[in-house]
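**Student:** Can you build the whole structure from these sequences, using the hints too?
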Amino acid sequence: MDSFAQLWRRAVQTARLMVGIPDYDTYVAHRRAHHPQEPVMSYAEFFRERQKARYGGEGGRIGRCC
Amino acid sequence: MSKKLLWVAVAALGAVALGIVALERGEPVNAMWLVIAALCIYAIAYRFYGLFIANRVLGADGTRQTPAYRHNDGLDYVPTNQYVLFGHHFAAIAGAGPLVGPVLAAQMGYLPGTLWLLAGVVFAGAVQDMTVLFLSTRRDGRSLGDMIRSEMGPVAGTVAGIGVLLICVIILAVLALVVVNALKASPWGTFTVACTIPIALIMGVYGRLVRPGRVGEMSLIGAVLLLAALLYGRTISETPSLAHYFTLSGPALALLIIGYGFVASVLPVWLLLAPRDYLSTFLKVGTVALLAVGVLIVHPQLQMPAITRFIDGSGPVWAGNVFPFLFITIACGAVSGWHSLISSGTTPKMIESEKQIAFIGYGGMLTESFVGIMAMIGASIIHPGVYFAMNSGAALIGTTAAHAADVVTSWGFTVTPDMLSQAAHDVGETSILSRTGGAPTLAVGMATIFSSFLGGKALMGIWYHFAILFEALFILTTVDAGTRVCRFMIQDLIGNAVPAFRETRAWGNNVIGSALSCVLWGYLLYAGVRDPYGGIWTMWPLFGATNQMLAAIALTLCTVVLFKMKRERWAWVTVVPTVWLVICTVTAGLEKIFSPNPKVGFLSHAAKFSQGLATQQVLAPAKSLQEMSRVIFSDYLDAALAAIAVAIVIVTVVYGIVRVLQARATPRNTAIEIGDAAVGHG
Numbered sequence: 001m002d003s004f005a006q007l008w009r010r011a012v013q014t015a016r017l018m019v020g021i022p023d024y025d026t027y028v029a030h031r032r033a034h035h036p037q038e039p040v041m042s043y044a045e046f047f048r049e050r051q052k053a054r055y056g057g058e059g060g061r062i063g064r065c066c
Numbered sequence: 067m068s069k070k071l072l073w074v075a076v077a078a079l080g081a082v083a084l085g086i087v088a089l090e091r092g093e094p095v096n097a098m099w100l101v102i103a104a105l106c107i108y109a110i111a112y113r114f115y116g117l118f119i120a121n122r123v124l125g126a127d128g129t130r131q132t133p134a135y136r137h138n139d140g141l142d143y144v145p146t147n148q149y150v151l152f153g154h155h156f157a158a159i160a161g162a163g164p165l166v167g168p169v170l171a172a173q174m175g176y177l178p179g180t181l182w183l184l185a186g187v188v189f190a191g192a193v194q195d196m197t198v199l200f201l202s203t204r205r206d207g208r209s210l211g212d213m214i215r216s217e218m219g220p221v222a223g224t225v226a227g228i229g230v231l232l233i234c235v236i237i238l239a240v241l242a243l244v245v246v247n248a249l250k251a252s253p254w255g256t257f258t259v260a261c262t263i264p265i266a267l268i269m270g271v272y273g274r275l276v277r278p279g280r281v282g283e284m285s286l287i288g289a290v291l292l293l294a295a296l297l298y299g300r301t302i303s304e305t306p307s308l309a310h311y312f313t314l315s316g317p318a319l320a321l322l323i324i325g326y327g328f329v330a331s332v333l334p335v336w337l338l339l340a341p342r343d344y345l346s347t348f349l350k351v352g353t354v355a356l357l358a359v360g361v362l363i364v365h366p367q368l369q370m371p372a373i374t375r376f377i378d379g380s381g382p383v384w385a386g387n388v389f390p391f392l393f394i395t396i397a398c399g400a401v402s403g404w405h406s407l408i409s410s411g412t413t414p415k416m417i418e419s420e421k422q423i424a425f426i427g428y429g430g431m432l433t434e435s436f437v438g439i440m441a442m443i444g445a446s447i448i449h450p451g452v453y454f455a456m457n458s459g460a461a462l463i464g465t466t467a468a469h470a471a472d473v474v475t476s477w478g479f480t481v482t483p484d485m486l487s488q489a490a491h492d493v494g495e496t497s498i499l500s501r502t503g504g505a506p507t508l509a510v511g512m513a514t515i516f517s518s519f520l521g522g523k524a525l526m527g528i529w530y531h532f533a534i535l536f537e538a539l540f541i542l543t544t545v546d547a548g549t550r551v552c553r554f555m556i557q558d559l560i561g562n563a564v565p566a567f568r569e570t571r572a573w574g575n576n577v578i579g580s581a582l583s584c585v586l587w588g589y590l591l592y593a594g595v596r597d598p599y600g601g602i603w604t605m606w607p608l609f610g611a612t613n614q615m616l617a618a619i620a621l622t623l624c625t626v627v628l629f630k631m632k633r634e635r636w637a638w639v640t641v642v643p644t645v646w647l648v649i650c651t652v653t654a655g656l657e658k659i660f661s662p663n664p665k666v667g668f669l670s671h672a673a674k675f676s677q678g679l680a681t682q683q684v685l686a687p688a689k690s691l692q693e694m695s696r697v698i699f700s701d702y703l704d705a706a707l708a709a710i711a712v713a714i715v716i717v718t719v720v721y722g723i724v725r726v727l728q729a730r731a732t733p734r735n736t737a738i739e740i741g742d743a744a745v746g747h748g
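Chains as they are written, first to last, in the working numbering: chain A, 1 to 66; chain B, 67 to 748.
Honestly, the hints are just simulated from the structure, not real lab data.
Heads up, a few of these hints could be off.
Below, computed lysine to any residue pairings styled on SDA-like, alpha-carbon distance capped at 20 Å [unchecked claim]: (1) A:Lys52 x B:Ala572; (2) A:Lys52 x B:Lys523; (3) A:Lys52 x B:Phe328; (4) A:Lys52 x B:Asp139; (5) A:Lys52 x B:Lys69; (6) A:Lys52 x B:Arg113; (7) A:Lys52 x B:Gly175; (8) B:Lys421 x B:Phe118; (9) A:Lys52 x B:Thr570; (10) A:Lys52 x B:Leu333; (11) A:Lys52 x B:Val329; (12) A:Lys52 x B:Leu337; (13) A:Lys52 x B:Tyr272; (14) A:Lys52 x B:Asp142; (15) B:Lys674 x B:Ser380; (16) A:Lys52 x B:Val332; (17) A:Lys52 x B:Pro334; (18) B:Lys69 x B:Arg113; (19) A:Lys52 x B:Ser380; (20) A:Lys52 x B:Tyr298; (21) B:Lys523 x B:Tyr298; (22) A:Lys52 x B:Phe118; (23) A:Lys52 x B:Trp73; (24) B:Lys632 x B:Ile649.
Restraint-style ranges between C-beta atoms, simulated for each label pair [unchecked claim]: (25) B:Gly352 x A:Thr26: 21 to 29 Å; (26) A:Arg9 x B:Ala460: 48 to 56 Å; (27) A:Glu38 x B:Ala355: 36 to 44 Å; (28) B:Ala78 x A:Phe4: 15 to 23 Å.
Positions of the beta carbon are idealized from the N, C-alpha and C atoms, including for glycine.
**Tutor:** This is the structure we're talking about:
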């Protein structure tokens, strides 16, 4: 059962990363571990920030092929 | 020992399958042999060449810290499971190129294109993707342009930057042209694709305001609405009063797409661009997977001969001989320069270990090549007569089924007018003649495969329009995003002279930059749509050449760095594909400009038409003197683009050679790496 849950989690992570949204839990864990004093973005903020970074403006990143 | 036996068995199976594919004459070959041959070759190439390059040539070091750990911020730099990252990387490199290129290449038969898809990916495409990924991983995930600047000098960097802008403009124009050709005079297709805009807006609002960031829910809503639009499209096409509104000519569609690209580039990304991207990415990956399953279940017979008479370069789909034009035409499925931008984009910032570079870089590209093989199968299982009727311009086969059938039959591919009408009727269209650009042909192939295990012939029309929707959706997403990227590049370029123009958030800059970007690719698109040869005939080789040119530039960088790292012993791994691509692109570029054959050379074609103009003689396929002047102008423009591309390759290669000689004269490692690097050591 555990392995199925794990597999599902991986599948969701993959699907999200395909459209440029990395794993939110990993982000939260990272902030807690390395920047415990600083604020952590809510999921909605995190989502907006990532969306902007993907199509953003700074540097004109190319995220996709022909 | 048992492992060795296993690899011997894989090699033997691959050899048998390839033998059947290559040597069978007369009898139709089953597509499964192609699939088996490809999979065996990929497995052997990965195990014995991909891993060899990673471990020996590049010296991938599993103990070395990657940027994902060094800069871990939970956002851009995140150590990511290799299978998850593989999915991300594949979704980023998979696009329309590997689907369209092989379909066009099928005019020479399935064999020449298949062989290049396999050889090209193993020795060039996958090598490029993996090596660039490796270089970028060792440089904090820096972009290709940055790496060229730092390893090869600022001039080479700027020249490469112009090359990237050029390829971007040409890609946008050609891909948009593929969509126009698929949708013109097709109310069903046009309606469905048009619906994706309001659907994306609904998804955008939902994901921003109603349930922020619920990608799964948004995409599900989008998918359901999309399905409804697809089904309702049939009603539209069968109701003349409604069909009227969605039956558009090529030029009208081109103008709409240009306008759409502009709006999408100006609007906030969350409203239109991002939701379309979600929809198209999931649809793309899902459909490609479904196609793979379909080919395995249905295992259809290939109807296209292994080699057709057009191997001599006289084909109606695109002009030119096997060398160099077949290699240019296949493009992305074998080697794609664009991937060097992806491999130096987000992927290197998320890789956990250098030991995973082979799996993600080399393996990702092998998967892309497999998509190309499936496209080749899709084009080869339909009747060759239907294939040529769909892919030849109206100037060659006329506009009626009777005339088209006569012409195609005279080429040796016996087909009756009834077969052509029936094929159109099966997929719910009034005509399939001259639907150039590959997408409609592939859609017929896919509909044939899907309908034979899901729904039967009755659903053929729905599957056809589903396939058109799938291709149009992700091409248009590329057009959205590409217009934006193009806009940023233009702003950056002009910003060198007018620094205020660089500010990407300023509204005025946004509008001017977007408009400039749309004008650049829009002009090429419009010229392509009005081209009496069908546009693809002229423009696809230009696209292929610039794409391969970018690959040559990326591989030159890889070669330079190998020499700088004092790994010249292994440098042949990148030198061989670089030399091949340079020869290919430069020959193709020069032939496109200077060939005395007006079918191939832009200048001789222009000269022929100028002569006609001087004597007031209208030459087919132009219908008026005015059209002739337009053809002449396009010829000069295309010749200039080809000349710029050739110049860029030559300049980069010269810089590359100079840097290699410098590296050889220096006794120590001079590669500029970051981390536990060799900077200044020695």
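**Student:** Run every hint past the structure and note whether it holds.
**Tutor:** These are the hints, each one checked on the structure:
{"no.": "1", "hint": "A:Lys52 x B:Ala572", "verdict": "holds (16 Å)"}
{"no.": "2", "hint": "A:Lys52 x B:Lys523", "verdict": "violated (44 Å)"}
{"no.": "3", "hint": "A:Lys52 x B:Phe328", "verdict": "holds (18 Å)"}
{"no.": "4", "hint": "A:Lys52 x B:Asp139", "verdict": "holds (16 Å)"}
{"no.": "5", "hint": "A:Lys52 x B:Lys69", "verdict": "violated (48 Å)"}
{"no.": "6", "hint": "A:Lys52 x B:Arg113", "verdict": "violated (39 Å)"}
{"no.": "7", "hint": "A:Lys52 x B:Gly175", "verdict": "violated (45 Å)"}
{"no.": "8", "hint": "B:Lys421 x B:Phe118", "verdict": "holds (12 Å)"}
{"no.": "9", "hint": "A:Lys52 x B:Thr570", "verdict": "holds (13 Å)"}
{"no.": "10", "hint": "A:Lys52 x B:Leu333", "verdict": "holds (13 Å)"}
{"no.": "11", "hint": "A:Lys52 x B:Val329", "verdict": "holds (17 Å)"}
{"no.": "12", "hint": "A:Lys52 x B:Leu337", "verdict": "holds (12 Å)"}
{"no.": "13", "hint": "A:Lys52 x B:Tyr272", "verdict": "holds (17 Å)"}
{"no.": "14", "hint": "A:Lys52 x B:Asp142", "verdict": "holds (12 Å)"}
{"no.": "15", "hint": "B:Lys674 x B:Ser380", "verdict": "holds (19 Å)"}
{"no.": "16", "hint": "A:Lys52 x B:Val332", "verdict": "holds (14 Å)"}
{"no.": "17", "hint": "A:Lys52 x B:Pro334", "verdict": "holds (9 Å)"}
{"no.": "18", "hint": "B:Lys69 x B:Arg113", "verdict": "holds (12 Å)"}
{"no.": "19", "hint": "A:Lys52 x B:Ser380", "verdict": "violated (49 Å)"}
{"no.": "20", "hint": "A:Lys52 x B:Tyr298", "verdict": "violated (34 Å)"}
{"no.": "21", "hint": "B:Lys523 x B:Tyr298", "verdict": "holds (19 Å)"}
{"no.": "22", "hint": "A:Lys52 x B:Phe118", "verdict": "violated (39 Å)"}
{"no.": "23", "hint": "A:Lys52 x B:Trp73", "verdict": "violated (47 Å)"}
{"no.": "24", "hint": "B:Lys632 x B:Ile649", "verdict": "violated (26 Å)"}
{"no.": "25", "hint": "B:Gly352 x A:Thr26: 21 to 29 Å", "verdict": "holds (25 Å)"}
{"no.": "26", "hint": "A:Arg9 x B:Ala460: 48 to 56 Å", "verdict": "holds (53 Å)"}
{"no.": "27", "hint": "A:Glu38 x B:Ala355: 36 to 44 Å", "verdict": "holds (41 Å)"}
{"no.": "28", "hint": "B:Ala78 x A:Phe4: 15 to 23 Å", "verdict": "violated (37 Å)"}
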